[in-house]
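Asks: Put the two chains together into one complex, using the hints given.
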Amino acid sequence: MLLGNMGIQLNLPFSRINLNQEQLFEELITEISKFVPQDLSNLRGRRAVYCSGGRSRQPISSLSGKNLGEPNFFSNDVTSTLVVGIDSSSLPVCDLEDGSIIAARASAVFSNNGEPMAYLRLGPYPYHVTSEFVMSKLGINKESLASSIAQDKALSQSLLRKTFERSILATLLSHLSKSIILIDGTFGYGFSSLEKLEEKRLLGLARQKSNSILGFTKVSRIRELWDAASSLFSIKGAPFYIKPPKVDAKHSSETEIILAKFRDDGFVFRLDIPKETEINVLEKLSANDHFDRGYPDSLRLAHHFCVFTQHEDTCLKGRLGNELGLVEVPSDDQRQAILGWMWSAGRGSK
Amino acid sequence: MRVFGKTGNEILVLALPGEVVSQGEYLLIEDGSSRSKMVVQVFNETYLDVPGLAEEIVRDQVMQASIRGAEHDPYEIKSVSSLIRDSRLLHCKARGIIKNGKFRTSHDWLPSRVNSKVSKISLKELFDTVGRQGRRAIELGKGKSGEDFEILAETIDGRLNIITGKKESGKSHLAKMLSSSLVELGCFVFVFDINDEYASLDTKKNGEQSSISSRMVRLVPGESMKFDLEYVGLRSMTSILQHTLDLPGASLREFIRIWEHLSKEDQLTMEELGQAISMWRANDFVKDALFARYHTLLSSKLFTRGGERSIRFEDVIAKSPKGALIVISLAHIPPHARRIAVELMLSKLVDLLEHRKIPPIFLFAEEAHLYLRETHWDDIVTRMRHFGIFTTFITNQPDALGSGVYRQADNVFLFNFTNDADLELISKATTADAETIKAIVRMLPPRSCMALGKVVSDLPVVVEVRESELFTKGETRLFFAREN
Ligand SMILES: Nc1ncnc2c1ncn2[C@@H]1O[C@H](COP(=O)(O)OP(=O)(O)O)[C@@H](O)[C@H]1O
Ligand SMILES: [Mg+2]
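Protein chains in written order, with our numbering: chain A, 20 to 369; chain B, 55 to 538.
Derived by calculation from the structure, the hints in this document are not laboratory data. Beta carbons are placed, not taken as given, at the ideal position from N, Cα and C, and that holds for glycine. Not one of these hints is a red herring.
To be clear about the criterion: a stretch of chain B counts as covered by chain A if any three or more of its residues have a C-beta under 8 angstroms from a C-beta of chain A, and this derived list gives those stretches:
{"#": "1", "region": "105-118"}
{"#": "2", "region": "130-144"}
Taking lysine-lysine and the DSS-like style, the derived pairs with C-alpha atoms no more than 27 angstroms apart in a straight line are:
{"#": "3", "chain 1": "A", "residue 1": "LYS85", "chain 2": "A", "residue 2": "LYS255"}
{"#": "4", "chain 1": "A", "residue 1": "LYS181", "chain 2": "B", "residue 2": "LYS132"}
{"#": "5", "chain 1": "A", "residue 1": "LYS336", "chain 2": "B", "residue 2": "LYS132"}
{"#": "6", "chain 1": "A", "residue 1": "LYS336", "chain 2": "B", "residue 2": "LYS60"}
{"#": "7", "chain 1": "B", "residue 1": "LYS198", "chain 2": "B", "residue 2": "LYS220"}
{"#": "8", "chain 1": "B", "residue 1": "LYS482", "chain 2": "B", "residue 2": "LYS492"}
{"#": "9", "chain 1": "A", "residue 1": "LYS262", "chain 2": "A", "residue 2": "LYS219"}
{"#": "10", "chain 1": "A", "residue 1": "LYS336", "chain 2": "B", "residue 2": "LYS171"}
{"#": "11", "chain 1": "A", "residue 1": "LYS181", "chain 2": "A", "residue 2": "LYS215"}
{"#": "12", "chain 1": "A", "residue 1": "LYS181", "chain 2": "A", "residue 2": "LYS197"}
This is chain B alone, in the form it adopts within the complex (with noise of 0.2 angstroms):
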């Protein structure tokens, strides 16, 4: 490989027909004279663009189409006309340049035409130079070389991740073994999972136990997750009536009164709830509008009755020290009470990690459109984030996400993109350069994804995302699967 020329911030780099890069790879190209060496990734590829090759092409088309023939060609011009033909050129991003063996991203050096040497760079080279903070490995997959690449746990510690890209890419297989991996190393992770495929992490493929099931925890809400009105709180119960029962203004003050007069009483029921409601010297108008959120709480069955015990996130972490994997199925439960169910949740471990009762939670949710409210992405980007909650995002609607968490994401793993809006929202939205992303995330095979930000200290990497010995069936439900 040679160094061809550059055009704007694009280095070319010739490469023979039996010298074998793909998208993705990292390069180094040392300069002999200088103690530089740059390290530029490959984006793209294409032919070389020879005058007149085009023209021999539709001969040799037409040679070997018509008619059989022998050919004498001692000086073999026809094997250098095919490997310039097959030659291609690498565009390639410069990523940074090494020296004295230490990795600066700067671009202010230009390697020289004549003496550079290029070679393939392994990526465990690179972040050797590089340096990652942190010694918990999480096995990731192979890079594009065939490489084993881990990322390490402490680069998804307190940030902020997407995983995103179309269906059946092998987001949820990456977000399973992501979660599961950090439960491993001892970490208390929720889960949203809306499409019932999270539980089955507790058998492995040859249907023994998991190394993880014994601290796997299901709840389903309405079932085994309910919460009484004591645990709560008045606050949350206020925030769910106001957002997402739009309950107005007026009937909110009653139920405050309401609440606080059960409260003293030590009468804070559903039941209770209920008959203070049907009992309360009020207008009409705020009666009724408190007895129709009234019955939306009650049907969605989130609430304790009679003598029906409580979850307490608390007690779920502490019966497992050693870290828990805590799957929400929300597959089962009407829209509504979706909604009630994570906001009552999310506020609930705010409530408890602002007051210490919890260690710091990652939390996974699987297409957080579909049960997130509007106001609720900034909060969980900002305040929650400040509080201990750690979320990745799985979506494959990627304009479902707001911008805002874009902005704010340190990690993003991309699966494949083919439909070009969703590319273009992705490139600018991340900061990886736009050219890099749209030419390498349209290529990018089923089980392939390229990362981006802290986890690969802002040097994209391209993995195929490994195997994993943990039960990971995907969500699709077929019609003629049920004769098996």
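Chain A extracted, bound-state conformation (with noise of 0.2 angstroms):
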């Protein structure tokens, strides 16, 4: 009894307001109380991987202790292809009235025996989004969606960048042939059937000059991969991969799902990969790209050259206020102004 025993004290100074107060937290507790575990002793001796900073941790070993099969273990093939990798990042730089000015970059790194070797970097643009916007250039064509979308600013912000991406993406897979690569990410975008459209476009285009997409995700947010991957963690040699059963609701019909370990030192990855790819292409990645803790240079680097530093961002918003001359209204930072110093005493996610 969690609650029962916190022995309230009713001695408020509810008089004056005429409030039952005795009633009030009765039924406040017990409404709480549906839906509060009471008791939490039965977890006694679990096994947990705490949380960091408000985030999950991949444990070395499994959980659950769960046998995924065995491993299929793969050799390298040395036979030279080129790896790109991909990534985009976008800023926001301000918000006007109608929509924010948002600024996306775009980099690729080709790798290719194990090293890389060239990288293009296009941006930053600052893109000015707004719902018309959204509806002439990110094509979406509800305009309830687009305005929508368009208020969202995080929203707004990420189907922006996955457009930006996504283009680049395109034109890089017409003038390729027979190459492997890399995006950060799931192909699952999944907020609109566009999206779907787009992803079998992208992988159309792919097969067109036998170019293979792969998708690296980082940490799985699906638990029974984050536990799968663990188990994956302890086994000896690489690389290989496994298929785990499916789990992922968004996941599309096009691809799959793996789990790979590319080394022995390295982490276990997710990858989302079309349906009809063969498993030469997995060697083909791990004999030309150079790999660090089991993670692809190619996309490391991408995505270094890509982020914004702070620097950039304040030499763009310099750089666009001047260029534009936009009138900076004063400003507050509401949550640091409203949660000053008990927020950032606190970890919370943000």
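Replies: Laid out in structure tokens, this is it:
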């Protein structure tokens, strides 16, 4: 009886406003008790992975101890193959009455024979993201959806970034052949049917010139994969992969998920790969990219080259401010202002 | 350039990469809304400390070092970023305020950060506003921005000056320039030349005779500079016996009796002095003491014997009425003779000055701790200055000069020091703020110095000392140079 034991002292100065405090409290507690576990004592002795700074961590051995079957070891195929890691990032610059100015930048890193050899970096390009922009450029047809995306800053930022990245991916696909293209994340973008179409189109493009697209995911949000990755962590030897049972609800029909470990000292990663992908693609990837702790260097560099540093943030604001003659309205960090020291003392998710 | 901030008594000015300002230069901060202008001096510069910059520099390094790439950056964020990266913060000291065209050393006004314009101010403009006393210019060299800078001889006249810095930094060169310029202006300049390097001032670099060659006299103690006892006088002689030769009091009294006796008999010569000591009726202890000193004096060869001619400084000066450079060459003189020679000379000069037999003189003393006794320092900076000996000490050992000397110094020419202990001492001893001295002096290239004091109206100036058309070869003798 967690709540019942709390010994509530009802002696509050409510008399003036004519409130039956005892009844109020009783009802409150009854209501909460419906979904608060009354007793956590049955958890005693359970194995747990503590979260750190509000983030989940990867256990180095499985919690469940479930066996996912034998790992499929594969070898390195040193046939020279171009590996391209692509990543993008976006940065909100300022908010206007009718939308936000968001800057986007993408980078691609080309590797071959186990070494990175060149990079492209495009941007930053600032976009004025309004509901018209969402409709005309980000491919959302329904006006109500477009306007609710434009209203939601987080949503419009991620849609812009993905559209931006996809258009670069599409161009690269049409120029390359028999290459392996790595993207950061999963295919299941899925907040519209349009995304599914886009995905289909990209996979089609890739097929035409025998390119393979592989999505690398660093930490899986899906509990079962997360646990499975841990059980693979301790398996000696690499590279290998394993096909876990179907788990991701949003996961598309065109692709499938595997878990792979490319280096003995590396982590296990989730890969989203087109269904028709042959194992040879993994063999070529393993030989043609450099891996650091099991993660392909092309993707790692692409990520670092496109993320915005705090300093670039400052420069970009200064540059746009000067060029457009933006008038800066005094502003406050509301969260900071309201929650103040209590906020900075805590470490909740942001 | 813009005013960026103020911390303590330091004004921070932001300079973009194109705006080249160097340590030691002066800036003028003009505030549109005020009649006052602030004069500040840059004493240090640092990079801007911008959050996230380190991160970006590391990333750029990785990108450039590992692989080649192509970029499209239409908003030129990269160049804005490098602009900021290469911007510098100029750390400045407020030196004073110009109001209604007049300069005041006060710091009671702070210019606006928004409306202020910052620009360089030339030394000429600065000193025209500040004002300096005098009209006899000595061209010193070039300021940091390349403009000619001169000092006025009047600001050295009657002053105590110090030239210090590490070896080979250009101290002697400056001393030679100053001394020869003073002679050109008609002054009488004595030099204690410890390295035999001033005699060459009589020739120009091209081999011709220099403009002061006819006014130069080189005196070698014991050779061309000898004294007869009468010219020396009892006062100087007792002083040497007492201070330099440590003669005990009882013996000194006997010596005075002997001297007075000889003087009365008109027999004041070295020969007679020796005779008299051996004949004198005194105890053996005293006689031994006197004889020992007598032989030291004799071996110094500083005293005339058998018809040799005595030096007479008043004659040397009278012979060269338009100024003279009198170089006392101390290079090859044994240490004790050096001390005696210097002491005799100084006391004789004071004597002559006291009796107005010679005009005031300038004295350049290189590494004076090698021949000046402890008790003379205070004498030089006070009593001798009072009579008209205006000294410039030149040393690479700043701790060899007494602290009293620094306190009394009117002008200091500081060349480079890198040694922390020397910097610490110098920055404590001079009038300018320690921070400026430490930051600037450490970075001074050879041949550049920072002038402090009256010569620059207490506004420290960094000067690259000019070349001289005279032959100012330094002291260093090289083994391998003999072959050429
Ligand atoms: N401003 C200058 N222009 C030309 N030569 C210089 C200058 N200052 C010094 N030198 C030369 O550099 C060398 C060292 O200078 P010096 O004055 O003898 O150094 P210090 O006395 O500090 O040891 C000398 O040969 C001198 O002629
Ligand atoms: Mg020297």
